[in-house]
Amino acid sequence: MKLMTCPMNGPRSIAEFQWLGAVQPDDDPQGGALVERLFFAPNLLGVLREWWRHTPTNTVFIAERHLTTNEILRTYFHNAGTDSTAGAAQ
Amino acid sequence: MPFNLLKYGLRSGHEPFRDIPATPDLKASYDVVIIGGGGHGLAAAYYLSHVHGITNIAVLEKGYLAGGNTARNTTTIRSNYLTPPSIAFYKEGVELYETLSQELGFNIMFSQRGQLTLAHSDGAMRSFRLRAEMGKHMGTRIEVVDPKTVREICPQVHMDEGGRHEVLGGLWHEDAATARHDAVAWGYAKRAAERGVEIHQRTEVTGMAVSGDRVTEIRTNRGTIRAGQVLQAAGGLNGQIAALAGIALPIRCFPLQAMVTQPLKPFLDILLSSSDLHTYLVQSSRGEIVIGGGTDPYQLASTRSTLPQKEALATGALQLMPFLHNVKLLRQWAGITDITPDFSPIMGASALQNYWLDAGWGTWGFKATAVAGKRLAETIATGRVPAILQPFALERFDRFALLNEMGATAAGH
Ligand SMILES: Cc1cc2nc3c(=O)[nH]c(=O)nc-3n(C[C@H](O)[C@H](O)[C@H](O)COP(=O)(O)OP(=O)(O)OC[C@H]3O[C@@H](n4cnc5c(N)ncnc54)[C@H](O)[C@@H]3O)c2cc1C
Chain A
60 MKLMTCPMNG PRSIAEFQWL GAVQPDDDPQ GGALVERLFF APNLLGVLRE WWRHTPTNTV
120 FIAERHLTTN EILRTYFHNA GTDSTAGAAQ
Chain B
276 MPFNLLKYGL RSGHEPFRDI PATPDLKASY DVVIIGGGGH GLAAAYYLSH VHGITNIAVL
336 EKGYLAGGNT ARNTTTIRSN YLTPPSIAFY KEGVELYETL SQELGFNIMF SQRGQLTLAH
396 SDGAMRSFRL RAEMGKHMGT RIEVVDPKTV REICPQVHMD EGGRHEVLGG LWHEDAATAR
456 HDAVAWGYAK RAAERGVEIH QRTEVTGMAV SGDRVTEIRT NRGTIRAGQV LQAAGGLNGQ
516 IAALAGIALP IRCFPLQAMV TQPLKPFLDI LLSSSDLHTY LVQSSRGEIV IGGGTDPYQL
576 ASTRSTLPQK EALATGALQL MPFLHNVKLL RQWAGITDIT PDFSPIMGAS ALQNYWLDAG
636 WGTWGFKATA VAGKRLAETI ATGRVPAILQ PFALERFDRF ALLNEMGATA AGH
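From first to last, the protein sequence lines are chains A and B.
Add 59 to the 1-based position in the first sequence for the working numbering, that's all there is to it.
Add 275 to the 1-based position in the second sequence for the working numbering, that's all there is to it.
FYI, nobody ran anything at the bench for these hints, they're computed from the structure.
Wrong hints could be hidden among the right ones.
As the list claims (entries may be wrong) - Example chain B residues on the side facing chain A (calculated, C-beta under 10 Å, incomplete): (1) Tyr573; (2) Ala576; (3) Pro583; (4) Phe675.
Heads up, the beta-carbon is just placed ideally off N, CA and C, and yes, glycines get one too.
Given these sequences and hints, build the entire structure.
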C-alpha cells in the first residue's frame, strides 16, 4: 500500500488523498500568460510541488513528488515553509 | 510430396519470413522523418508512400515497433463524441477502419459490434441525449435506449433495480468496433516498408537542432540525420519530445491501466461501458474480458500499475457483471498517456515550418490511427492543413477554442 504523510494525520493510504494539481504562483496573469497558466501546466520528469487533500479530514497541504518515480519527498502545510516538513513515506 | 517436404524441413539456412524488414543503417538525410513508430507514425508513413508518392522516409522508434500505447490500448473504435469537429473526425476514422483489412491486405480483425454505454444517474442520461442528437445530426448511428432495450442488447448486464447503480438507460452506438491493435501497426508498417519506407527500431531521438523556423537536424542514439519535414507522433511522452524542438504543448502525463481475465466462452458481443462507474468491458477474440477505465487520479510519467486503480476497475466490472467474481485475472499493465486540457488531440502545424504535430492522444487515440495518419500525410505532402484537422490546431488554446470531450472520453476510450 502506498502511503502519504498528511501533515495533520500522519501516514495514511494514498487512497485517502485527492490530488489537486500543481502549485501555481499566487498572481493574476493576463493575455498570453493566462493561457499558459490555464492550459500549459508543468509536465516535467522531475519533482513537482502540488496541492493534495486528505479527504476524510479535508486537510489541504503541499507535497513534493517525483513524477517518474512517484516518490513523495516531503509534505507540509502551505504557510509552514519547507522547514517543518512532515517527512515522506512510501 | 511428403519426401520433398521432409527435405525442405531438414535443409539448413532458411530465411525467416518477415513482414517488417530488419532495421537498416541510417542515411544522412530523409524527405520525411517520423518520430515514433506507433500506429500513428506508421499509418502516416503508409499514406505518404502509397497516396502521395513520398518514399524517402525514416520512422524512428526508440523501442520495438508499436510497443508504446498502440501495444497497450483496449482497442475501442467509436465516434460518439460531443462536438461536431470531433464527431466528423472520428467518424472518418471509423469508416477508414471498416475497409482497412482489404486496403492493407492484412487482417486487422475489425469487429463492428456496437458500444453500449450505461447511465446510472440523471446527469449521465442528460449528456447521452445531447451526444445522441449531435451524433445523428452528423450522420453516425447513435441513440438513447431505455432499460428494456439495454436488457435486449446485453442480457448479462446487472440492472441493479432499486439499487445504488440502477441502470436508467444507455447510449447505443452501432458504429463502434474493435480491431487487433498490433495488426493495425504491422499492416501499415509492412505496406509502407514495401514502398521503401525505412523503419528504424531501437532508434531514440535524443535532441534536435533548430535554425530559424526550421528543424535542421535530428540527433539519435545511432547518429544525426537531416530531414525535409518532421512529424512527431511519440505517444505518452509527446510533451517531452516537442520540448526538444523548443515547442511547448499543453499536455500532462497520466498513467492509464487495463487488465484482462482468463479466457471465457464467448458471451459478450458488444462493447460495454458505464460513464458513472468509469469502467468498460469487451471480450477479445481469445475470450478474455478486457477491463479498462479512467486514468490514475494523479499526474505521473510511469508505466507501473497500482492496486487501488485495479481494485476500482474490478469493482466496476463486478457491479456490471457480478457473475465474473470467480474469474481470474491473467494480465495487467499501464501506459503513459499524454492528456490535453480538453481531451482532444493536437494535430497540424507548429511554430516551425517543417515540424508537424500528431500529439495529445491521451486515452483515445487508437481509433484515430487511420484517420490521423491519412490526414497528416496529406498535410505534409501538400503543406496545407485540411479543414477536418483545422479545429485541432495547437493555437486553439490561444483562442480559448477548446473542444471539450472530457465527458465523451471518461467512460470508454
Ligand atoms: C491502457 C490503455 C488503453 C487505451 N485504450 C484505448 C482505446 O480503447 N481506444 C482508443 O482509441 N485509444 C486507447 N488508448 C490510447 C491509444 O493507445 C493511444 O492514443 C494511441 O495508441 C497513440 O498511438 P501513437 O502511435 O500516437 O502512440 P504510441 O503507440 O505510443 O507510439 C509512439 C511511439 O513513439 C516512441 N517514442 C517515444 N519517444 C521516442 C523518442 N525519443 N525517439 C523515438 N521514438 C520514441 C515510443 O516508443 C512509441 O512506440 C489507450 C491507451 C492505454 C495506455
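Do the hints match the structure? See the list:
1. Proximity of Tyr573(B) to chain A holds as hinted, the smallest CB-CB distance being about 4 Å (cut-off 10 Å).
2. Against a cut-off of 10 Å between C-beta atoms, the interface hint on Ala576(B) holds, since the closest Cβ of chain A lies about 5 Å away.
3. Against a cut-off of 10 Å between C-beta atoms, the interface hint on Pro583(B) holds, since the closest Cβ of chain A lies about 5 Å away.
4. Among the interface hints, the one on Phe675(B) holds; its C-beta lies about 8 Å from the nearest C-beta in chain A, closer than the 10 Å criterion.
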